[in-house]
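Asks: The task is simple: from the sequences and hints, build the whole structure.
Sequential numbering from 34 applies to the sequence shown in our numbering.
Treat the hints with caution; some may be incorrect.
Unchecked claim - Each computed DSS-like pair below joins lysine-lysine, with the alpha-carbon atoms no more than 25 Å apart:
(1) Lys37 <-> Lys95
(2) Lys159 <-> Lys75
(3) Lys73 <-> Lys37
(4) Lys128 <-> Lys95
(5) Lys158 <-> Lys170
(6) Lys87 <-> Lys174
(7) Lys158 <-> Lys128
(8) Lys75 <-> Lys65
(9) Lys170 <-> Lys159
(10) Lys95 <-> Lys73
(11) Lys65 <-> Lys37
(12) Lys75 <-> Lys87
(13) Lys174 <-> Lys158
(14) Lys158 <-> Lys75
(15) Lys170 <-> Lys95
(16) Lys37 <-> Lys159
(17) Lys87 <-> Lys159
(18) Lys87 <-> Lys158
(19) Lys95 <-> Lys174
(20) Lys73 <-> Lys174
(21) Lys65 <-> Lys174
(22) Lys167 <-> Lys37
Unchecked claim - Computed Cβ-Cβ distance ranges for the label pairs, DEER-style:
(23) Val172 <-> His74: 15 to 23 Å
(24) Lys75 <-> Ser141: 40 to 48 Å
(25) His183 <-> Glu58: 23 to 31 Å
(26) Phe80 <-> Asn56: 29 to 37 Å
(27) Trp147 <-> Val179: 15 to 23 Å
(28) Lys159 <-> Ala66: 31 to 39 Å
(29) Glu155 <-> Glu90: 36 to 44 Å
(30) Glu155 <-> Val50: 24 to 32 Å
(31) His74 <-> Leu181: 23 to 31 Å
(32) Lys95 <-> Ala163: 16 to 24 Å
(33) Lys170 <-> Phe202: 33 to 41 Å
(34) Val88 <-> Pro49: 36 to 44 Å
(35) Leu181 <-> Val88: 29 to 37 Å
(36) Glu192 <-> Lys159: 18 to 26 Å
Keep in mind that the hints were calculated from the coordinates and are not lab data. Just so we're clear, the structure is a prediction, and the values are computed from it rather than from any experiment. Just so you know, even glycine gets a beta-carbon here, dropped at the ideal spot from N, CA and C.
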Amino acid sequence: MAIKESQGGVSWDNWPVELRSRNPETLAAFTKANPEAIEKHKVRQFFFFDQWAKVQEYAHSKNIQIVGDIPIFIAYDSADAWSHPELFYLDESGKPTVVAGVPPDYFSPTGQLWGNPLYRWEAHKKEGYAWWIKRFKAVLKMVDIVRLDHFRGFAGYWEIPAGNPTAEFGAG
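Replies: Given below as structure tokens:
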């Protein structure tokens, strides 16, 4: 978030190439030059997780389980896409080559163009699905039950070439 703020809030694919590509020297220089901005976000996260732990403790004291969602797709302008571009269908500049949606149907003759980057499942398999495992472990620290939002995205996603204005020309 500190880098995003330093770049005027624009999407990571519009950052200078050294930041966009996570150049280690550039990231180290940014960290050294911006300790207050980074610390601000660390403090906010600390307070969030501290408060959340209190909510969990209270809920559990009342025998209440917390249900949380993991969306099937991530936002394009996310830390996940920026930090793990090899796990998504992105081009050399970080732009999506294909995006998620659903095909045209009775309710929507042009389908639904969600715009989320699609997974390179072969890359996930190669790393033993470590990104997914880490994602689930992080959520399970915060909730008792995880719901995939929505599972149909796993079973029947629609792949649409990036830049298309509708989902009409996708493939399943």
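Asks: Now tell me, hint by hint, if it's right for this structure.
Replies: Hint check results:
Of the supplied pair hints, the one linking Lys37 and Lys95 is violated, its CA atoms being roughly 40 Å apart against a limit of 25 Å. This hinted pair does not check out: Lys159 and Lys75 have alpha carbons roughly 32 Å apart, beyond 25 Å. A threshold of 25 Å between alpha carbons decides the hint, and for Lys73 with Lys37 the separation of about 13 Å falls inside it, so the pair holds. Straight-line distance between C-alpha atoms of Lys128 and Lys95 comes to about 47 Å, which puts the hinted pair past the 25 Å bound.
Between Lys158 and Lys170 the alpha-carbon distance is near 18 Å, which keeps this suggested pair within the 25 Å criterion. Simply put, Lys87 and Lys174 have alpha-carbon atoms about 13 Å apart, close enough for the 25 Å limit, and the pair holds. Proximity of Lys158 to Lys128 is assessed by CA-CA distance (about 22 Å); at most 25 Å being required, the pair is judged to hold. Taking the CA atoms of Lys75 and Lys65, the gap is near 15 Å; set against the 25 Å cutoff, the hint holds.
Restraint check: the Cα-Cα separation between Lys170 and Lys159 comes to about 19 Å, which is no more than 25 Å; the hinted pair holds. Between Lys95 and Lys73, the direct Cα distance comes to roughly 34 Å. Violation of the 25 Å bound is thereby established for this hinted pair. With a CA separation close to 16 Å, the supplied pair Lys65 and Lys37 stays within the 25 Å bound. Proposed proximity of Lys75 and Lys87 is supported: the alpha carbons are some 18 Å apart, at most 25 Å.
Restraint check for Lys174 and Lys158: satisfied, since their Cα atoms lie roughly 24 Å apart, inside the 25 Å limit. Between the alpha carbons of Lys158 and Lys75 the distance comes to roughly 32 Å, so the proposed pair goes past 25 Å and is violated. Taking the CA atoms of Lys170 and Lys95, the gap is near 24 Å; set against the 25 Å cutoff, the hint holds. With a C-alpha separation of about 30 Å, the suggested pair Lys37 and Lys159 falls outside the 25 Å cut-off, and the hint is violated.
For the given pair, Lys87 sits about 38 Å from Lys159 by alpha-carbon distance, which is inconsistent with the 25 Å threshold. With a C-alpha separation of about 36 Å, the suggested pair Lys87 and Lys158 falls outside the 25 Å cut-off, and the hint is violated. Between Lys95 and Lys174, the direct Cα distance comes to roughly 18 Å. Compliance with the 25 Å bound is thereby established for this hinted pair. About 23 Å separates the Cα atoms of Lys73 and Lys174, which keeps this hinted pair within 25 Å; it holds.
Restraint check: the Cα-Cα separation between Lys65 and Lys174 comes to about 31 Å, which exceeds 25 Å; the hinted pair is violated. Straight-line distance between C-alpha atoms of Lys167 and Lys37 comes to about 23 Å, which keeps the hinted pair within the 25 Å bound. Checked against the given bound of 15 to 23 Å, the beta carbons of Val172 and His74, roughly 20 Å apart, stay inside it. Distance hint check: the CB atoms of Lys75 and Ser141 are about 43 Å apart, consistent with the given range 40 to 48 Å.
Between His183 and Glu58 the CB atoms are about 41 Å apart, so this pair departs from the stated range of 23 to 31 Å. Distance hint check for Phe80 and Asn56: the Cβ-Cβ separation is about 31 Å, which falls inside the suggested range of 29 to 37 Å. Look at Trp147 against Val179: about 21 Å separates their beta carbons, and that is inside 15 to 23 Å. Distance hint check for Lys159 and Ala66: the Cβ-Cβ separation is about 35 Å, which falls inside the suggested range of 31 to 39 Å.
Against the hinted window of 36 to 44 Å, the Cβ-Cβ separation of Glu155 and Glu90 comes to about 42 Å, which satisfies the hint. Checked against the given bound of 24 to 32 Å, the beta carbons of Glu155 and Val50, roughly 26 Å apart, stay inside it. Between His74 and Leu181 the CB atoms are about 28 Å apart, so this pair conforms to the stated range of 23 to 31 Å. Taking 16 to 24 Å as the suggested C-beta distance range, the pair Lys95 and Ala163 does not conform, at roughly 35 Å.
In this structure the hint that Lys170 and Phe202 lie 33 to 41 Å apart at CB holds, the actual value being about 37 Å. Roughly 39 Å separates the CB atoms of Val88 and Pro49, a value that falls within the hinted 36 to 44 Å. Between Leu181 and Val88 the beta carbon distance is about 22 Å. The supplied range of 29 to 37 Å is therefore violated. Here the CB-CB span from Glu192 to Lys159 is close to 20 Å, well matched to the stated 18 to 26 Å.
Checked against the numbered hints given earlier, this structure breaks hints 1, 2, 4, 10, 14, 16, 17, 18, 21, 25, 32, 35; the rest are met.
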